[in-house]
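> Quick mapping for you: the protein sequence lines, in order, are chains A and B. In terms of my numbering, the first sequence opens at residue 1 and continues consecutively. In terms of my numbering, the second sequence opens at residue 1 and continues consecutively.
Hint data in this document are derived by calculation from the structure and do not stem from the laboratory. Please note that the accuracy of each hint is not assured.
A partial selection of chain B residues facing chain A, derived with a Cβ cut-off under 7 Å [to be verified]: (1) I13; (2) K17; (3) C27; (4) F28; (5) I56; (6) A59; (7) L67; (8) F69; (9) K70; (10) H93; (11) M94; (12) E105; (13) V109.
C-beta atoms are modelled at their ideal positions from N, C-alpha and C, and glycine is treated no differently.
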Amino acid sequence: MSCFRQNIVSFYRNIAWFGFCEQLGSIASAMTGLMIFPFFVFLMGALWKGFNQTISTFSFNEVIVYITINEMLFITFIRNSLIGKSTGNFTLLLARPRSWIGINFANVFGKTIGNRLIYIPIIIVLFLLYGISLEKSLCYIFKILLFLPLVTVISSLYNLFLAVSQLRWHQVEYVVLPLSKIFLVFGGVFVPLIDYAENYRKILLYLPPSDLFFQPAHYIIKGSFYGMSTLEWCIKIAIQILVLIFFIIKFFNSSKKHYQSYGG
Amino acid sequence: MKHAISVKNLSKIYNGKESKCAVNNICFNVNQGELVAFLGPNGAGKSTTIKILCGILSASSGEANILGFKAGSFDAKKNLGLIFGTRSQLFLHMTVEQSLNIIAEIYFVSGKEKLKRIDELGSLFQIKPFFKQRVRSLSLGERMRCEIASALIHKPKVLLADEPTIGLDIASKIRLRTLIKEWQQHEKATLILTSHDLSDVEILCNRCILINKGNIVYDGLLAKLKQNFSNIKRISVTLSQEGILPYSNSHQKIIRKDTSKYCTHIYEIDKNDVLLADFISHLFSYYKELLHDIKIEEITLDEVLYELFQTKHC
């Protein structure tokens with residue numbers, strides 16, 4: 001039994017590694033994001049300097065770190081290409097003796113991690129360009145790498161959730177953009193939630209996007225989560241994961257039942 | 001002996017605004033090691049049946065088993081190999097070797113067994129030179145050989161091949177058919193082939209199941225099916241001038257007469273009804289010196305099937 005379990009773990013680890021290598025084997029697909037990434041950091045940093053600097057508890061360098069982390073997480077968050085790839089292999093994987101959910105989760109996870117790691121060298125260069133010392137930059141990078149697996153698990157689950165929804169209702173691609181914009185605004189991707197007015201901030205801190213973007217960045221910069229303990233954040237993350245898994249399984253079963261595999 | 005495939009009273013109804021019965025209470029068995037073509041026009045229900053066998057679709061009623069296991073179950077899937085000519089199973093951005101490795105693991109083939117199998121299939125399908133190449137850089141013919149190798153990596157006892165030679169040039173088609181045939185003889189596996197290219201069917205299969213509008217209209221030997229139509233001869237007469245009325249004789253039963261604008265008259269006769277030599281001599285005496293050329297042909301399998309699907313009876 002334990003050998004079987006070990007085989008399963010090693011199989012999904014291989015799938016994740018495979019997705020990771022596949023992503024690195026096709027860096028061209030990340031080129032657009034890579035090119036606009038420094039531009040966004042520069043732009044958002046300049047905007048923050050103009051509007052928020054006087055009211056924020058963050059220093060300019062900290063905001064640059066904040067924007068850089070969140071921008072990297074956001075650009076690689078929900079992607080139509082990942083959703084398309086997961087839905088594209090639905091027919092094929094249903095005919096194979098492995099779980100569609102498991103394979104796609106591992107693959108999307110590997111790909112997203114791969115995609116995010118591509119940004120790390122650029123992030124280091126950006127930090128240095130903004131005058132953050134190498135030692136501090138590496139410290140930030142180390143903390144980013146610590147958070148990366150867990151936040152990538154959640155973003156992979158969101159991608160999978162949208163993929164099963166797409167299989168079930170067919171028109172989900174139109175939801176992807178508005179949904180990512182909701183995460184952008186409610187997660188405080190461009191401006192730390194800490195800079196929002198208190199009544200807004202209180203509400204937004206309860207919502208899932210803040211746990212994915214604002215809180216990890218806050219921890220990396222300040223060394224603690226904002227307004228909650230590490231345990232509280234972990235519980236919120238665990239609930240988010242469980243809810244996503246529940247809906248993924250539910251929608252997957254429903255998609256399988258209603259699947260017609262149109263034509264040939 | 002257990003049947004490789006057994007289908008009993010299988011039906012599939014697609015529910016939507018209008019319910020559509022794609023497969024209507026069909027039954028058939030396929031023995032282990034048999035080579036069977038599953039044929040039908042578009043929308044006949046063959047893909048639906050194949051997808052139920054694969055576990056992609058669930059049946060509305062009836063049952064389908066693979067080697068005694070319920071279609072779609074874990075054991076059935078493990079024993080099934082799939083080739084889709086229109087859908088790649090390989091990973092475009094990875095090398096052929098990496099793709100084969102991961103597909104092997106999907107089918108629980110790992111360690112030394114996996115390496116041995118990849119090596120064997122690499123030699124059999126002559127794909128070893130592409131092992132380090134990315135899948136996206138392969139030609140269609142090369143990729144199809146790799147696709148087939150990937151479908152056979154777990155030594156499936158039943159192989160479902162859906163249009164395996166689609167889009168290939170004639171040389172690649174011949175090569176692929178030979179390779180599939182060699183593999184089948186070597187492994188004594190069962191092959192179910194669906195293809196609109198009937199030369200695939202004629203070369204690879206000895207039995208065929210014809211399905212039309214959700215019902216099986218023929219299940220038997222391919223040779224026998226052709227034999228039923230082997231008495232029909234087509235005689236094409238080319239004339240040296242246009243505007244000549246075609247030959248007709250009320251005593252001789254002509255199945256079909258056709259006059260093309262290029263001075264050609266085409267006749268189809270049944271040898272049981274009309275003596276061929278007699279008919280030809282009548283043509284000679286009717287057309288006399290206007291007769292430029294005469295050609296006698298048997299009707300092809302495509303035409304046999306066309307006739308069957310048009311008339312809906314066998």
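> Against this structure, judge whether each hint is valid.
Results of checking the hints against the structure:
no.	hint	in the structure
1	I13	violated (11 Å)
2	K17	violated (13 Å)
3	C27	violated (23 Å)
4	F28	violated (20 Å)
5	I56	holds (5 Å)
6	A59	violated (13 Å)
7	L67	violated (13 Å)
8	F69	violated (11 Å)
9	K70	violated (13 Å)
10	H93	holds (4 Å)
11	M94	holds (6 Å)
12	E105	holds (5 Å)
13	V109	violated (11 Å)
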